Every structure is written in C-alpha cells, then in structure tokens.
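Peer 1: Given the structure of chain A, go ahead and fit chain B onto it with the hints provided.
For the protein sequence lines, the chains are A and B, in the order given.
Per this note's numbering, the very first residue in the first sequence carries number 1; after that it's consecutive.
Per this note's numbering, the very first residue in the second sequence carries number 1; after that it's consecutive.
The set of hints was computed from the structure by calculation and includes no laboratory data.
Check the hints yourself; a few may be wrong.
Listed below are the simulated PhoX-like cross-link pairs for lysine-lysine, each with C-alpha atoms no more than 20 Å apart in a straight line [as the list claims (entries may be wrong)]:
{"#": "1", "chain 1": "A", "residue 1": "Lys62", "chain 2": "A", "residue 2": "Lys20"}
{"#": "2", "chain 1": "A", "residue 1": "Lys174", "chain 2": "A", "residue 2": "Lys9"}
{"#": "3", "chain 1": "A", "residue 1": "Lys86", "chain 2": "A", "residue 2": "Lys9"}
{"#": "4", "chain 1": "B", "residue 1": "Lys9", "chain 2": "B", "residue 2": "Lys62"}
{"#": "5", "chain 1": "B", "residue 1": "Lys20", "chain 2": "B", "residue 2": "Lys62"}
{"#": "6", "chain 1": "A", "residue 1": "Lys9", "chain 2": "B", "residue 2": "Lys20"}
{"#": "7", "chain 1": "B", "residue 1": "Lys20", "chain 2": "B", "residue 2": "Lys9"}
{"#": "8", "chain 1": "B", "residue 1": "Lys62", "chain 2": "A", "residue 2": "Lys174"}
{"#": "9", "chain 1": "B", "residue 1": "Lys9", "chain 2": "B", "residue 2": "Lys120"}
{"#": "10", "chain 1": "B", "residue 1": "Lys9", "chain 2": "A", "residue 2": "Lys20"}
{"#": "11", "chain 1": "A", "residue 1": "Lys20", "chain 2": "B", "residue 2": "Lys174"}
{"#": "12", "chain 1": "A", "residue 1": "Lys9", "chain 2": "A", "residue 2": "Lys20"}
Since this is a predicted model, take the numbers as computed values, not measurements.
2 protein chains.
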Amino acid sequence: MEFQLDHAKDILRRTPATLKQLLHGLPDEWIVSNEGPDTWSPFDVLGHLIHGEETDWIPRAKTILEDGESRSFTPFDRFAMFEISKGRSLHELLTTFEQLRVESLQQLEEMNVTPELLAKRGMHPELGAVTLAELLATWVVHDLSHVAQIVRAMSKQYRQEVGPWQAYLPILSK
Amino acid sequence: MEFQLDHAKDILRRTPATLKQLLHGLPDEWIVSNEGPDTWSPFDVLGHLIHGEETDWIPRAKTILEDGESRSFTPFDRFAMFEISKGRSLHELLTTFEQLRVESLQQLEEMNVTPELLAKRGMHPELGAVTLAELLATWVVHDLSHVAQIVRAMSKQYRQEVGPWQAYLPILSK
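One chain only, chain A, in its complex shape (with noise of 0.2 Å):
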C-alpha cells in the first residue's frame, strides 16, 4: 500500500479515542500491569505516546522542513514517560494524547504538505536519511504497534487463566 497522507491521517485522528474506548473506565488491574521486568503497561505506553506527540512527530517533521539533512534530530527518550506519568491518572492521560493529538494534526495540516514535501529528506541521528513521507508512516505504525503492545500486556494478565486453551493463543507467548 503506498503511503498517502490522507490514509495516514485517517488512522493518527482515531488512535486516541480507539485508546479510550479500549481502556476508559477500566479496573486498574487492566492498566498498570505489564509483561513482566523490563516491559511496559498500558498506562506506561500512554505517557510514551504522550511523550512522542510533544517531542518526536512534529517536531522531526519541522526539522526536516525547515533543515532538512542538514541537522539531526533531537534524540527520542523512550523512556521520558516514566517521569511524565507520574502521579496522573489513565484518564488524565487519555484527554492529554487526545488534545495533543489534535494539535499535531492541526500542525500537519497547517504545513501544506505536498507530494515534494513528502520526499524531503532529512537525517535521523541512527539510521540517516529519512524522507517525510518514512516519518509519517512511521507515525502510523507506532501507534497501531502500541495498541498491539497494549493488548497484549492485557492478554498476559490471563495467560494462567485461560488454562489449556494457552496452546491456541500465540499472544501470551510472544
């Protein structure tokens, strides 16, 4: 499927509300439990989105249009929203990725990104080059691979539970 920018926007605009009718209202049990050492909860990958929505799309998106590969972009802490998250409930954190989201859409729309645009590169501090249109797809692709990672710290919670059926359910394994 080639990227398009209106097939992109048209998942990045419903991330936040599938987030919360996913886990809105939830027993805490659902939210702050994770896979095991080392992994992350649901409420954990929220502050991550949050996280990214203030440090990482826009801003890299900026970078490149106004430096293009001349400057890197800033480094993204994978780990920040240990600190962000602190203290806050789910429900703080879904309203917050929910306003951020749209204020991000609404710099992306405010940047009239045309098909040459897209293809403007810029450079990734590991990886190098990058276009645009890599960095919005990437958009896309972490926030469906982070409700996948959601829903699986949640299947785990029931890995003993489900019994023998564990067998058929590849997910409490992966």
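Peer 2: This is chain B only, laid out in the frame that chain A set:
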C-alpha cells in the same frame, strides 16, 4: 491476575466499540488488506468474531453448564467467516458483531454464574477437560488477540513505506 467475571465482562463489552472506533469509515485499503497468503484482513477477523458469537462462546458455556464433561464441544470452524462475510460491508459486520455481543453478554448474565459454576468442567474435543472460567478467560484473550491481529495487518501495509525505521518496528516482521 486472577480470573474475575466482572473483569472479563469489562473487556468483552467494549470490544465491538473499540473495533468500530478503529475501523469504521476507513478507506477499503486498510480494511481488506491482509498480511500475505493464508492470513486475515481486518474484514476477515470481523467475520471470525461474529462466527464466534454465534457458535463458540455462549454455546460452549451452555454445554458446560448443561452437560458438563459428558458431551464434547462442537468443533469451531475457524474459516467459516469467509462464507459468512461474502458480499457484506464492514459496517454491517461491525453492527452485527455489536448486536451479537450484547446478546451474548445478556445470555451470560442470565446464567447467573457463581464461583462454583466457574469451576465446572466441560470437554474440549482436542484439549480435554476445561473449566467455565477458562472458557471465559479465553474469550477475553481471543478478543484482545484479534485486536492485535487487526492492527498488525494494518501496520504491515506500510512495511515498505517506513523506510529505514523498519528496524525499530518489530510488529512489521511478526
């Protein structure tokens, strides 16, 4: 996390709305694309979930309560949805799943499941003895695992589009 009927219902009742939020109104490319030969698209998964409501979860719960281990469950046809979904729109499938899930949960309510009944055993045709609690926990994990499958199938449509970021996105190679 120990199985609790209320916790399970908390997940089961929200899956249709989560999927609606995730999928309703998306361009067809996101809906009908799969992960390659012999894999399922989001559209296929919806049909499979519908078939589960019709023939798997509540019917098996009834078999356990009525026949215990004396009668094996009817084997579940994991490919029946290809016939079921033919010619139907995603909107129809989402609505059908939503209605069937409401009915399933209503039927579950009417079973007045007690802790004693949760421990009651039935006979799986391949796995042997299983309890009602295990069946219900499996229903929950089955929902979550198909949400994961749907977002994975969607992600993979951008496998090429993310360029070098592919290295950072394990979901694309699962």
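Peer 1: Does each hint hold? Answer for all of them.
Peer 2: Verification of the hints:
1. A/Lys62 to A/Lys20: Answer violated: A/Lys62 to A/Lys20 is near 28 Å, above 20 Å.
2. A/Lys174 to A/Lys9: violated, 29 Å
3. A/Lys86 to A/Lys9: Given that 20 Å is the threshold and the Cα spacing comes to 30 Å, the pair is violated.
4. B/Lys9 to B/Lys62: holds, 17 Å
5. B/Lys20 to B/Lys62: Violated, at about 28 Å.
6. A/Lys9 to B/Lys20: At roughly 17 Å apart (the allowed maximum being 20 Å), B/Lys20 and A/Lys9 satisfy the hint.
7. B/Lys20 to B/Lys9: holds, 18 Å
8. B/Lys62 to A/Lys174: With Cα atoms ~31 Å apart, B/Lys62 and A/Lys174 exceed 20 Å; violated.
9. B/Lys9 to B/Lys120: holds, 19 Å
10. B/Lys9 to A/Lys20: Distance ~17 Å between B/Lys9 and A/Lys20 Cα, so the pair holds.
11. A/Lys20 to B/Lys174: Since the Cα atoms of A/Lys20 and B/Lys174 sit roughly 26 Å apart, the hinted pair is violated (cutoff 20 Å).
12. A/Lys9 to A/Lys20: holds, 18 Å
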